[in-house]
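**Student:** Starting from the structure of chain P, add chain Z where the hints point.
2 protein chains.
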Amino acid sequence: MDLDLARQLSQENDTKIVLFVMDGLGGLPHPGTGRSELETAHTTRLDMLAKESLCGFTLPVGIGITPGSGPGHLALFGYDPLVYNIGRGVLEAVGIDFDLQPADVAARGNFCTIDDRGLITDRRAGRISTERCAELTEDLRKIDLDGAELFVEPVREHRFVLVLRGDGLTDAVADTDPQKEGVPVPEASSTSAEGDATAALAGKFAKEAKEYLADKAPANQLLLRGFAKRPSWPSMADVFRLRPAAIAHYPMYRGLAKLVGMETLDVGPNIEDSVATLKENWDKFDYFFVHYKYTDSAGEDGDFRRKVQKLEEVDAAIRGIVEMDPDVLMIGGDHSTPAIMAGHSWHPVPFMMRARNTRADACGRFSERALQDGSLGTIPAKEVLPLAMAHAGRLAKYGA
Amino acid sequence: MDLDLARQLSQENDTKIVLFVMDGLGGLPHPGTGRSELETAHTTRLDMLAKESLCGFTLPVGIGITPGSGPGHLALFGYDPLVYNIGRGVLEAVGIDFDLQPADVAARGNFCTIDDRGLITDRRAGRISTERCAELTEDLRKIDLDGAELFVEPVREHRFVLVLRGDGLTDAVADTDPQKEGVPVPEASSTSAEGDATAALAGKFAKEAKEYLADKAPANQLLLRGFAKRPSWPSMADVFRLRPAAIAHYPMYRGLAKLVGMETLDVGPNIEDSVATLKENWDKFDYFFVHYKYTDSAGEDGDFRRKVQKLEEVDAAIRGIVEMDPDVLMIGGDHSTPAIMAGHSWHPVPFMMRARNTRADACGRFSERALQDGSLGTIPAKEVLPLAMAHAGRLAKYGA
Chain P
1 MDLDLARQLS QENDTKIVLF VMDGLGGLPH PGTGRSELET AHTTRLDMLA
51 KESLCGFTLP VGIGITPGSG PGHLALFGYD PLVYNIGRGV LEAVGIDFDL
101 QPADVAARGN FCTIDDRGLI TDRRAGRIST ERCAELTEDL RKIDLDGAEL
151 FVEPVREHRF VLVLRGDGLT DAVADTDPQK EGVPVPEASS TSAEGDATAA
201 LAGKFAKEAK EYLADKAPAN QLLLRGFAKR PSWPSMADVF RLRPAAIAHY
251 PMYRGLAKLV GMETLDVGPN IEDSVATLKE NWDKFDYFFV HYKYTDSAGE
301 DGDFRRKVQK LEEVDAAIRG IVEMDPDVLM IGGDHSTPAI MAGHSWHPVP
351 FMMRARNTRA DACGRFSERA LQDGSLGTIP AKEVLPLAMA HAGRLAKYGA
Chain Z
1 MDLDLARQLS QENDTKIVLF VMDGLGGLPH PGTGRSELET AHTTRLDMLA
51 KESLCGFTLP VGIGITPGSG PGHLALFGYD PLVYNIGRGV LEAVGIDFDL
101 QPADVAARGN FCTIDDRGLI TDRRAGRIST ERCAELTEDL RKIDLDGAEL
151 FVEPVREHRF VLVLRGDGLT DAVADTDPQK EGVPVPEASS TSAEGDATAA
201 LAGKFAKEAK EYLADKAPAN QLLLRGFAKR PSWPSMADVF RLRPAAIAHY
251 PMYRGLAKLV GMETLDVGPN IEDSVATLKE NWDKFDYFFV HYKYTDSAGE
301 DGDFRRKVQK LEEVDAAIRG IVEMDPDVLM IGGDHSTPAI MAGHSWHPVP
351 FMMRARNTRA DACGRFSERA LQDGSLGTIP AKEVLPLAMA HAGRLAKYGA
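Just so you know, the protein sequences line up as chains P and Z, in that order. 48 is the number that the working numbering gives to position 48 of the first sequence; each next residue is one higher, with no gaps. 341 is the number that the working numbering gives to position 341 of the second sequence; each next residue is one higher, with no gaps.
Chain P on its own, in the form it takes in the complex:
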């Protein structure tokens, strides 16, 4: 459903919708056992929920497309990720709760290591500590850009955000990150004439930073990529008439939630913290996005066993969400991160929805194999919110 139609059909009521996202949920069979992470984990409660739910898979962006965190989540929030696209710089900035203004241009920065000849030897500067990153960025803020305002904010390890604030700045600036080692760092350049002024500022910053960093090895140079401006998107309140809240500990997911107008609630790192926050705020909102990071982290690390453990951790804690008895409870993921691939993948993602007025399903388990018997089939991830809205009685009839 496109947002114009959603805006036309959406109506308010007093139902509650919960979207619980296990980041990187989908998996692949372990070659030793032939069973995926979900098929290996003991997940009694999730399996029980599957028996009561509408079951199937979500396709985050499209067939064969491996999504980043942004597209994977935006789709689940009802926004077509091929239409609502955000630059890397913006994703990093919102990811650290930076208050990005509409005219700002943000870029993702890496501290890196170059050798005597100026060739990149390590794009991540040996993953310097976050503390060291913060010291360096604090000094880089002192660079004078002739009137334009400058923000240099640490993210984590070698990663930082550069924000340029001033009149007439644009995102038409090429990356200075060649995305490989053994080559020099390109100078800042514009991709069209309207980016000239911004590229000049980025170039001045890079040049002065290089001088300052000369004796700071391993972080003796920096790379910039994904110059971007904050998009101005319709909010979930505007489109879907929801009061949405995000329960996410990691800044990246809080940032994504903010881009669609969610209120971000303070929450600790553990799933028990998320459940507690959900309960405390139950009466204040009618849509909750609850994010669980560690399934993805384990998958990214290629740690099959830890991903299984994290799934079992979710299974133990999910009861706290179920007992709030939301009108619609969606359990799924933003993309697959099969441990055997140690990275994001394009595979459809397990999904189930417990709500009134679902057809009886034949799924006895919440796993890649069992969900194939679900009546939902594989649907675009951007359709799960409209479907949830329908089951919550929040969508009016289309046409007379």
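It should be emphasised that the hints constitute simulated quantities derived from the structure, not laboratory data. Some hints could be false.
Copies of one chain are not kept apart here, so a pair can be met inside one copy or by any two copies together.
Stated by the list, open to error - Computed cross-link-like contacts, DSBU-like style, restricted to lysine-lysine with a CA-CA straight-line distance of at most 30 Å:
(1) K180 / K293
(2) K284 / K180
(3) K397 / K229
(4) K16 / K180
(5) K229 / K204
(6) K180 / K216
**Tutor:** Relative to the frame of chain P, chain Z by itself:
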């Protein structure tokens, strides 16, 4: 398939295609038994057909979208309901067999009740009788609109159709129905300059009607909405090279069929009448849309048992259609109307197609659960006509 491509590929031959629509066919499990209407009904013949058919579901408009009667049928006729949209006024007019001209502007009217202060207290005037509605509309026809022709036609209870006929009229007129009570009736106004003349006529009609109705409580005022002109769409003859006929008793469905260029045949209210009309006209057409209303009526009334009975009534009579041995027989619905919801819903609709050259299916029954084993899966309803055309040998190869 969009209509341009359909026009390019369609070719004539002497096959017969029948679309049998059980209005509101799809259902949901009864909480007492866990079985849907179709799963409860004894439908030996439909089940036998399912064993010989390509089986699955149709999605009328989109995931989560509850269709009105218009979009649900237009999709089955091959017209994308998000593209081929009709205004409420037109639907009401065609729904009473009013012969709407291309230049006419039609609006849906409600008689309503206002209090001493002019605030709406009942948008439906206590649902006055259809007879009373007819008396009032007859008098309202006498209003003089300075040259423009005026039609005021009763529909049912408090509902009527207003048609304005004259040169240069447009549908750029705002509703005078605020869709809520406790507020005054807005005056007619245009939504753009080109609607000014039409809005002035609508305003004059509303003003004089108000004076006339002043002492006719509870119907002492009226509301107008959905100003619309008859769309000029390509016909099924033009696009699909079919000679299509509609066998539908209710005016609404006859009207929808007319919008896509079907010839509407005279037919009585019962399914036996439909079968007889089909047989009588068998040689004159090559596409028949046969409409059965009562599954929807029972569902809308929340009468699970009656819906079951109506399905069994269809099962008994379907033999008369089957024995005509159409080259393609489609059996489905325009949308779901689960009795437990007592209204239209967004759920995919059971569908089967018996034809030459279908793949073997695994469905032993025509029911929501059994059809999940069908090889068709869930397809957009607008694709069933192209699929039927293919099985009838009426679609040429695409590309060399």
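**Student:** Go through the copies and call it for K284 and K180: within, between, both or neither, with a Cα cutoff of 30 Å.
**Tutor:** between (48 Å within a copy, 27 Å between copies)
**Student:** Quick one: K16 to K180, C-alpha cut-off 30 Å, is that within a copy, between copies, both, or neither?
**Tutor:** Close across copies (25 Å), not inside one copy (47 Å); limit 30 Å.
**Student:** Please work out whether the CA atoms of K180 and K293 approach to 30 Å or closer within one copy, between two copies, in both situations, or in neither?
**Tutor:** This pair counts as within: shortest intra-copy Cα distance 28 Å, inter-copy 45 Å.
**Student:** For the identical chains here, do K397 and K229 meet the 30 Å Cα criterion within one copy, between copies, both, or neither?
**Tutor:** Answer is between: at 21 Å across copies they meet the 30 Å cutoff, but 37 Å inside does not.
**Student:** Pop the pair K229 and K204 into one bin, within, between, both or neither, using alpha-carbon distances up to 30 Å.
**Tutor:** Answer is within; shortest intra-copy Cα gap is 20 Å, inter-copy 52 Å.
**Student:** Within, between, both or neither: how does the pair K180, K216 come out at a Cα-Cα threshold of 30 Å?
**Tutor:** within (21 Å within a copy, 69 Å between copies)
This entry satisfies every hint, going by the numbered hints stated previously.
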